[in-house]
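Protein chains: 2
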Amino acid sequence: MKKVTAFAPATVANVSCGFDILGFAIDELGDKVSIMSNDSGRLEVKSISGDGGKLPMEADKNTCSVAIQAMLSHLGSDQGFDIVLEKGLPLGSGMGSSAASAAAALVAANELLGAPYSKEELVPFAMEAEKIACGAGHADNVAPSLMGGFVLIRDYYPLDLVKLPVPAGLHCTLLHPHLELKTSDSRSVLRKEISLKDSTVQSGNIAGLISGLFLGDFQLISRSLRDVIAEPSRALLIPGFYELREEIRSIGALGSGISGSGPTIFVLAPDKEIAIMAGKAAEDVFEKIGLEVDVYISEVNNKGAYLLEDQI
Amino acid sequence: MKKVTAFAPATVANVSCGFDILGFAIDELGDKVSIMSNDSGRLEVKSISGDGGKLPMEADKNTCSVAIQAMLSHLGSDQGFDIVLEKGLPLGSGMGSSAASAAAALVAANELLGAPYSKEELVPFAMEAEKIACGAGHADNVAPSLMGGFVLIRDYYPLDLVKLPVPAGLHCTLLHPHLELKTSDSRSVLRKEISLKDSTVQSGNIAGLISGLFLGDFQLISRSLRDVIAEPSRALLIPGFYELREEIRSIGALGSGISGSGPTIFVLAPDKEIAIMAGKAAEDVFEKIGLEVDVYISEVNNKGAYLLEDQI
Chain H
26 MKKVTAFAPA TVANVSCGFD ILGFAIDELG DKVSIMSNDS GRLEVKSISG DGGKLPMEAD
86 KNTCSVAIQA MLSHLGSDQG FDIVLEKGLP LGSGMGSSAA SAAAALVAAN ELLGAPYSKE
146 ELVPFAMEAE KIACGAGHAD NVAPSLMGGF VLIRDYYPLD LVKLPVPAGL HCTLLHPHLE
206 LKTSDSRSVL RKEISLKDST VQSGNIAGLI SGLFLGDFQL ISRSLRDVIA EPSRALLIPG
266 FYELREEIRS IGALGSGISG SGPTIFVLAP DKEIAIMAGK AAEDVFEKIG LEVDVYISEV
326 NNKGAYLLED QI
Chain S
26 MKKVTAFAPA TVANVSCGFD ILGFAIDELG DKVSIMSNDS GRLEVKSISG DGGKLPMEAD
86 KNTCSVAIQA MLSHLGSDQG FDIVLEKGLP LGSGMGSSAA SAAAALVAAN ELLGAPYSKE
146 ELVPFAMEAE KIACGAGHAD NVAPSLMGGF VLIRDYYPLD LVKLPVPAGL HCTLLHPHLE
206 LKTSDSRSVL RKEISLKDST VQSGNIAGLI SGLFLGDFQL ISRSLRDVIA EPSRALLIPG
266 FYELREEIRS IGALGSGISG SGPTIFVLAP DKEIAIMAGK AAEDVFEKIG LEVDVYISEV
326 NNKGAYLLED QI
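So the sequence lines, in the order shown, correspond to chains H and S.
Counting in this note's numbering, the first sequence runs from 26 upward without gaps.
Counting in this note's numbering, the second sequence runs from 26 upward without gaps.
Since the hints were derived computationally from the structure, they do not count as laboratory data.
Worth double-checking, as some hints may not be accurate.
One copy or two, either will do: identical chains are not told apart, so a pair holds if it fits within one copy or between any two.
Straight-line C-alpha distance at most 30 angstroms; calculated DSBU-like pairs for lysine-lysine [what the hints assert, rightly or not]:
| hint | residue 1 | residue 2 |
| --- | --- | --- |
| 1 | 305 | 156 |
| 2 | 86 | 313 |
| 3 | 188 | 71 |
| 4 | 222 | 188 |
| 5 | 328 | 86 |
| 6 | 207 | 112 |
| 7 | 86 | 112 |
| 8 | 222 | 71 |
| 9 | 156 | 71 |
| 10 | 222 | 86 |
| 11 | 207 | 79 |
| 12 | 27 | 207 |
| 13 | 86 | 305 |
| 14 | 222 | 313 |
| 15 | 297 | 156 |
| 16 | 305 | 71 |
Looking at chain H on its own, in the form it has when it is part of the complex (with noise of 0.2 angstroms):
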């Protein structure tokens, strides 16, 4: 029986200025999902490692058959699979875990199934399985998981992504701190209404960004990187987040943000060199407030999921 098993990265949703509608994909951290078929006409989950017990192993539940689901009913088959996840990502620290997992369950499936979808038609059904996971089927995790790049999601009724081009040399750095923060708890703190001057600001910075992102322009995207409407709220959940902004930005790095809804934090860099810089600095800083932090450094990656080619 033939098995495939697939890749796809973690992820950073809403990128400063770009809350809600802008996500990028990071190299190396991510997770693996081999799938195989089976006879029963059934999605299994097989095993689930690397998440401590914690995901659900029901067929309805999990991302990885839950985004598997949505493409067979697409397609219209009753193909069974069996399914086996390999978290390399930690759970609830803002990194698009559950988009990583449902992104490569797609992208090895649907390799089994003769390829019938692209990577961009895959991210409606890795968005049937945010809905499971964090109870909004949300996009801007799911689609640079699978796309890769920054992703925009401009619009959802109808879904509407435009890939955004990655200025060569860009670096990431994200810090997660270890401590807990209820993706609930960060989407209460948010305003609900906002000023019409902060809405013009934020306008402002995303489209600073984002064509900052098209002329490779390193300037323009740090002072751009700048989120006048949920960071001022969410911040103030992750201790030391203000002082690190300020020494991120000293020492040479294009600017810093959280990452989904934290508490990871997200670094961009115009080097490898600053984004190492950047980690160190991070380290310092939450020693002092006692808190550990785990400091990954990375490209920012391009391609999105992708299969593992000893597998296929």
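Using the hints provided, position chain S relative to the given structure of chain H.
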């Protein structure tokens, strides 16, 4: 005595989802300003034509002289100039009339002074004139009138301008219905608080519009030309607005919006033929409701204000 004449074009500010941060210049329609050095050490507005006698001649109230005075102060010069303004733009129409006068005056005076400033560097001086004319030193008309093309005003503190690409073939139809609309009324109908959801929708659309300009993707531009913040309030002040909006999309135009604070409506079109059809559609719509309308058809002007060659 040397005389220099410059032309500066009409402009569209508040480009739909680019409310308060984006403007673009059009061809042909605009103002001419002639400047001659004098020995009085003063700025003297010698004549104004085409304004129906409505514009002030006093040097501290006229946008030409106020803009030039700001430049001279920055330069530390006490040079005097005679100024002749030929208005080619209707006043109070939402086509950047005051901005065009200031921009033309600055380009002409800058030339007589030996061109110490680039056109982008002239923008802050023109903003001083906008303070006099509109009560606020906004840049979304003066920057495109000087620099041409689409200009993003990412921020004001400090001023951060980004010139964006103009896709080949892009045309604009300006529709000026003969009705009076005070800028103060247009501003007072704006909501001061907006929902987080509307702000996010607007962010997605401006990000899509900017991407569409860089990619030369007319369909993406079209999908993005939706303003959920200012237009729902302001459109009520312009009879026929929504009927026209549907009409012009049905004939293949990319979208429409209120130019500046109105009443002029701009239409973006993928070619000249559709731009002309949009003009005819507007004549039909406004005829039904008993309003005359002036129609101007133009490419997007990518060069901005310029010196008239026969005068140099």
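First find the shortest C-alpha distance between residue 222 and residue 86 inside one copy, then the shortest across copies, and answer within, between, both or neither for a cut-off of 30 angstroms. Result: close only across copies, 28 angstroms inter versus 42 angstroms intra.
Within, between, both or neither: residue 27, residue 207 at alpha-carbon 30 angstroms: Answer is neither; intra-copy 39 angstroms and inter-copy 71 angstroms both fail.
Checking an output row: residue 156 and residue 71, CA cutoff 30 angstroms. Within, between, both or neither? within (22 angstroms within a copy, 69 angstroms between copies)
First find the shortest C-alpha distance between residue 305 and residue 156 inside one copy, then the shortest across copies, and answer within, between, both or neither for a cut-off of 30 angstroms. Answer is neither; intra-copy 36 angstroms and inter-copy 47 angstroms both fail.
When no copy is specified for residue 222 and residue 188, does a C-alpha distance of 30 angstroms or less occur within a copy, between copies, both, or neither? both (29 angstroms within a copy, 23 angstroms between copies)
Identical-chain pair category, residue 86 with residue 112, by Cα at 30 angstroms: within (16 angstroms within a copy, 68 angstroms between copies)
Have a look at residue 222 and residue 71 and pick one of within, between, both or neither, based on CA distance no larger than 30 angstroms. neither (52 angstroms within a copy, 40 angstroms between copies)
At most 30 angstroms between CA atoms: does that hold for residue 188 and residue 71 within a copy, between copies, both, or neither? neither (34 angstroms within a copy, 55 angstroms between copies)
Using 30 angstroms as the alpha-carbon threshold, which applies to residue 222 and residue 313: within, between, both, or neither? neither (36 angstroms within a copy, 38 angstroms between copies)
Copy assignment of residue 207 with residue 79, given that the CA separation must stay at most 30 angstroms: within (15 angstroms within a copy, 62 angstroms between copies)
Is it within a copy, between copies, both, or neither that the alpha carbon of residue 297 lies no farther than 30 angstroms from that of residue 156? For residue 297 and residue 156, the Cα distance exceeds 30 angstroms both inside one copy (35 angstroms) and across copies (45 angstroms).
Same-copy or cross-copy closeness of residue 86 to residue 313 [CA-CA at most 30 angstroms]: Neither, since 40 angstroms and 58 angstroms both go past 30 angstroms.
Hint compliance for this structure: hints 1, 2, 3, 8, 12, 13, 14, 15, 16 are broken, all remaining hints hold.
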